[in-house]
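> Residue numbers (the numbering used here), protein chains in the order written: chain A, 17 to 126; chain B, 833 to 945.
To be clear, the hints were calculated from the coordinates, so they are not data collected in a lab.
Model, not experiment: these values are computed from the prediction.
Among the clues, some could well be false.
Stated by the list, open to error - The list that follows gives simulated cross-link-like pairs (lysine-lysine, BS3-like), each with its CA atoms no further than 27 Å apart:
{"#": "1", "chain 1": "B", "residue 1": "LYS873", "chain 2": "B", "residue 2": "LYS851"}
{"#": "2", "chain 1": "A", "residue 1": "LYS84", "chain 2": "B", "residue 2": "LYS885"}
{"#": "3", "chain 1": "B", "residue 1": "LYS872", "chain 2": "B", "residue 2": "LYS885"}
{"#": "4", "chain 1": "B", "residue 1": "LYS885", "chain 2": "B", "residue 2": "LYS841"}
{"#": "5", "chain 1": "A", "residue 1": "LYS84", "chain 2": "B", "residue 2": "LYS873"}
{"#": "6", "chain 1": "A", "residue 1": "LYS58", "chain 2": "B", "residue 2": "LYS851"}
{"#": "7", "chain 1": "B", "residue 1": "LYS872", "chain 2": "A", "residue 2": "LYS58"}
{"#": "8", "chain 1": "A", "residue 1": "LYS58", "chain 2": "B", "residue 2": "LYS841"}
{"#": "9", "chain 1": "B", "residue 1": "LYS872", "chain 2": "B", "residue 2": "LYS841"}
{"#": "10", "chain 1": "B", "residue 1": "LYS850", "chain 2": "B", "residue 2": "LYS885"}
{"#": "11", "chain 1": "B", "residue 1": "LYS854", "chain 2": "B", "residue 2": "LYS873"}
{"#": "12", "chain 1": "A", "residue 1": "LYS84", "chain 2": "B", "residue 2": "LYS851"}
{"#": "13", "chain 1": "B", "residue 1": "LYS841", "chain 2": "B", "residue 2": "LYS870"}
{"#": "14", "chain 1": "A", "residue 1": "LYS58", "chain 2": "B", "residue 2": "LYS873"}
{"#": "15", "chain 1": "A", "residue 1": "LYS58", "chain 2": "B", "residue 2": "LYS854"}
{"#": "16", "chain 1": "A", "residue 1": "LYS58", "chain 2": "B", "residue 2": "LYS868"}
Claimed, not checked - Facing chain A, a subset of chain B residues (Cβ under 10 Å, in silico):
{"#": "17", "residue": "VAL836"}
{"#": "18", "residue": "THR839"}
{"#": "19", "residue": "ALA863"}
{"#": "20", "residue": "TYR865"}
{"#": "21", "residue": "GLN869"}
{"#": "22", "residue": "SER887"}
{"#": "23", "residue": "LEU920"}
{"#": "24", "residue": "SER929"}
{"#": "25", "residue": "PHE936"}
{"#": "26", "residue": "ARG941"}
C-beta: ideal position from N, C-alpha, C; glycine also.
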Amino acid sequence: KQEVTQIPAALSVPEGENLVLNCSFTDSAIYNLQWFRQDPGKGLTSLLLIQSSQREQTSGRLNASLDKSSGRSTLYIAASQPGDSATYLCARGGANNLFFGTGTRLTVIP
Amino acid sequence: DTEVTQTPKHLVMGMTNKKSLKCEQHMGHRAMYWYKQKAKKPPELMFVYSYEKLSINESVPSRFSPECPNSSLLNLHLHALQPEDSALYLCASSHTSGGGEQYFGPGTRLTVT
Numbered sequence: 017k018q019e020v021t022q023i024p025a026a027l028s029v030p031e032g033e034n035l036v037l038n039c040s041f042t043d044s045a046i047y048n049l050q051w052f053r054q055d056p057g058k059g060l061t062s063l064l065l066i067q068s069s070q071r072e073q074t075s076g077r078l079n080a081s082l083d084k085s086s087g088r089s090t091l092y093i094a095a096s097q098p099g100d101s102a103t104y105l106c107a108r109g110g111a112n113n114l115f116f117g118t119g120t121r122l123t124v125i126p
Numbered sequence: 833d834t835e836v837t838q839t840p841k842h843l844v845m846g847m848t849n850k851k852s853l854k855c856e857q858h859m860g861h862r863a864m865y866w867y868k869q870k871a872k873k874p875p876e877l878m879f880v881y882s883y884e885k886l887s888i889n890e891s892v893p894s895r896f897s898p899e900c901p902n903s904s905l906l907n908l909h910l911h912a913l914q915p916e917d918s919a920l921y922l923c924a925s926s927h928t929s930g931g932g933e934q935y936f937g938p939g940t941r942l943t944v945t
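Based on the provided sequences and hints, a complete structural model is requested.
Given below as C-alpha cells:
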C-alpha cells in the first residue's frame, strides 16, 4: 500500500517562529514530491515541487527538502505569519497520480 | 496563465437530478484529473485524462461520468448520486501525465440531498 504520512497533524506557533512540517512515504518509486497549501473549503495551491533528481527547492520563506533513501520530505517555513495559517499537504508523485498525505493544520498566532 | 477554473463553485442536487461539473485550463496541458475530497481527508484520485483519452478510472461508480471534449475542457457528469457523494470535487491539470507538476482549481462544493 502506498502511504504518505504527515506529522504533526496540527501545529500552533506564535508569529515569527520558524517551523518544520514533516512528510514520509513508503514507496520509493517517486517521480516528484509536491507541497500544497489548502485554506478551509478551498482548492489546493501548489507551493513547491521537488523532482526525484533534486534534493531541495526554495521559494521565498519556504524551503522543501527531499530524501528518497529515507522516504522523507520536510517543508521549512521561516518567520511564520498569521497568513500562513492553513492546512499543508504533501503529495508523492507517481507515474499518473498524486498520493496525498493526511495534512498538517497550521495555526500561526498573532 | 497558470489558472484552472471550475464551475459552479457550489452545487446542491437531489438524488434524482442530473448535473455537470466543468473544468477549464488554457496552459496547454495535456493531462487533466478529477479528485474527490471529503471533509478533513486528503484528495483521492477519480479519473485521469491524457491527450483527451481516459487513461485511469479508479473504480469510480458509474453515476460519475467524465468527459473531455477537447484539450482545455474536462466535465464530470453526475446522475443518481447518493448523499455520501457530497464532497469537494477538485480538477487539476499537468503538462503531461508522466509525473509533472499538477495545478488545481478551486473546486466545486457538492451537496447531495
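> Decide, hint by hint, whether the structure agrees.
Each hint tested on the structure:
With a C-alpha separation of about 24 Å, the suggested pair B/LYS873 and B/LYS851 falls inside the 27 Å cut-off, and the hint holds. Pair hint A/LYS84 plus B/LYS885 does not hold up; C-alpha atoms about 32 Å apart against a cutoff of 27 Å. Distance restraint check for B/LYS872 and B/LYS885: the Cα-Cα separation of roughly 31 Å exceeds the 27 Å cut-off, and the hinted pair is therefore not satisfied. With a CA separation close to 26 Å, the supplied pair B/LYS885 and B/LYS841 stays within the 27 Å bound.
Proximity of A/LYS84 to B/LYS873 is assessed by CA-CA distance (about 25 Å); at most 27 Å being required, the pair is judged to hold. This hinted pair checks out: A/LYS58 and B/LYS851 have alpha carbons roughly 21 Å apart, not beyond 27 Å. Using a Cα cut-off of 27 Å, the hinted pair B/LYS872 and A/LYS58 holds, with the two alpha carbons roughly 12 Å apart. For the given pair, A/LYS58 sits about 10 Å from B/LYS841 by alpha-carbon distance, which is consistent with the 27 Å threshold.
Among the hinted pairs, B/LYS872 with B/LYS841 is consistent with the structure: their alpha-carbon atoms are about 19 Å apart, no more than 27 Å. Annotation: proposed proximity of B/LYS850 to B/LYS885 holds, straight-line Cα distance about 23 Å (limit 27 Å). With a CA separation close to 23 Å, the supplied pair B/LYS854 and B/LYS873 stays within the 27 Å bound. Using a Cα cut-off of 27 Å, the hinted pair A/LYS84 and B/LYS851 is violated, with the two alpha carbons roughly 43 Å apart.
Between B/LYS841 and B/LYS870 the CA atoms are separated by roughly 16 Å; this keeps the pair inside 27 Å, and the hint holds. Under the criterion of a C-alpha separation no larger than 27 Å, the hint pairing A/LYS58 with B/LYS873 is consistent with the structure, at around 13 Å. Using a Cα cut-off of 27 Å, the hinted pair A/LYS58 and B/LYS854 holds, with the two alpha carbons roughly 16 Å apart. This hinted pair checks out: A/LYS58 and B/LYS868 have alpha carbons roughly 13 Å apart, not beyond 27 Å.
Because the smallest distance between the Cβ of B/VAL836 and any Cβ of chain A comes to about 8 Å, under 10 Å, the interface hint for this residue holds. The restraint placing B/THR839 at the interface with chain A is violated, with a minimum CB-CB distance near 13 Å, outside the 10 Å limit. Interface restraint check: B/ALA863 against chain A, minimum CB-CB distance 8 Å, threshold 10 Å, status holds. Taking 10 Å as the C-beta cut-off, the interface hint given for B/TYR865 holds, the closest approach to chain A being about 8 Å.
The beta carbon of B/GLN869 comes within 9 Å of a beta carbon in chain A, closer than 10 Å, and the hint placing it at the interface holds. Satisfaction of the interface hint for B/SER887 is found here, the shortest Cβ-Cβ separation to chain A being roughly 7 Å, below the 10 Å cut-off. Interface restraint check: B/LEU920 against chain A, minimum CB-CB distance 7 Å, threshold 10 Å, status holds. Annotation: B/SER929 was flagged as interfacial toward chain A, and the flag holds, the nearest CB pair being 5 Å apart, inside 10 Å.
Here the hint on B/PHE936 is kept, as its CB sits about 4 Å from the closest CB of chain A, short of 10 Å. This hint holds: B/ARG941 has a C-beta 7 Å from the nearest C-beta of chain A, less than the 10 Å allowed.
Hints 2, 3, 12, 18 from the list above are not met by this structure, while the remaining hints are.
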